[in-house]
Amino acid sequence: MKTLLLFLLALVTCSSLLAQNPELFENTWYLERLSIDNTDVFPPSNSEVPHVDAIFEVNGETNQFWSTVCESLSGTMVFDNSNDQFSYLELYQSLCGGCTDADNADFESTYFQFYFNNSANPFTYAINDVENDDKQLIVTGENGNQAFYRNTVLSNAVFSETFFSVYPNPVSETLFIISENNAIQNVSVFAINGQLTFSEKGNTQHLDVSALSNGLYFIRVASEQGTSVQKFIKH
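As numbered in mature numbering (1 follows the signal peptide of the UniProt record, and there is no 0), residues -19 to -1, 1 to 216 make up the sequence shown, in order.
Each hint should be verified, as a subset may be incorrect.
Keeping only pairs whose Cα atoms sit at most 16 Å apart, straight-line, the calculated EDC-like set for lysine to aspartate or glutamate is [said to hold, decoys possible]: (1) 116 <-> 21; (2) 116 <-> 189; (3) 116 <-> 13.
Now the in silico label distances, taken between C-beta atoms and shown as ranges [what the hints assert, rightly or not]: (4) 23 <-> 176: 30 to 36 Å; (5) 125 <-> 87: 17 to 23 Å; (6) 34 <-> 182: 25 to 31 Å; (7) 181 <-> 64: 44 to 50 Å; (8) 90 <-> 125: 30 to 36 Å; (9) 61 <-> 177: 32 to 38 Å.
Keep in mind the hints are simulated off the structure, nothing from the lab. Beta carbons are placed, not taken as given, at the ideal position from N, Cα and C, and that holds for glycine.
With the sequences and hints as input, model every part of the structure.
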């Protein structure tokens, strides 16, 4: 009897996991627009904020979320698979210095408040097939406000990518920074909770990250072109 009960419990658990849409975790989602009080609010697309992305990831037994404008929003979450809902156990904003452009800063505040203002209640999500075989993710807060994402970037702006890249990623010792035609002025590294781990001034081309604990970090690079943030994993 005990064996049977354990088997049934495992079967229910597996069914719950299978009900969770794997496409949520298989894609990087790019924000199309917000619907706040039935008014559309569109994200910026410029040198400082080329796009706004969101990532959902399973890290061991933990479900994680992060999204970046200039600063980053991140948290841990649990899912109610029977209702296609998730709730945040923790939700916090990094302290990366913020946007230098006032319009970008205003949008960042609106976007982050979409999640913070609803964080005490579950969010409902739906993934739909749209044109060109793309996927659309719609996240709806308890107050009816919504965030619309796609798994491809739709913007036609000139600045469609960040102006630097890092490798290797994941990294164990030395993280290299490539910034073509843009002299780096400052590099800062932040933990997932927003804590500044270290910062270097000047045209830095590599960082020794061997002393960092394993996990997800954000690297912010500033140049004359603007400021951009990317993620890397220390392992």
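Report task. Determine which of the earlier numbered hints do not hold for this structure and return their numbers in increasing order. Result -> 1, 2, 8
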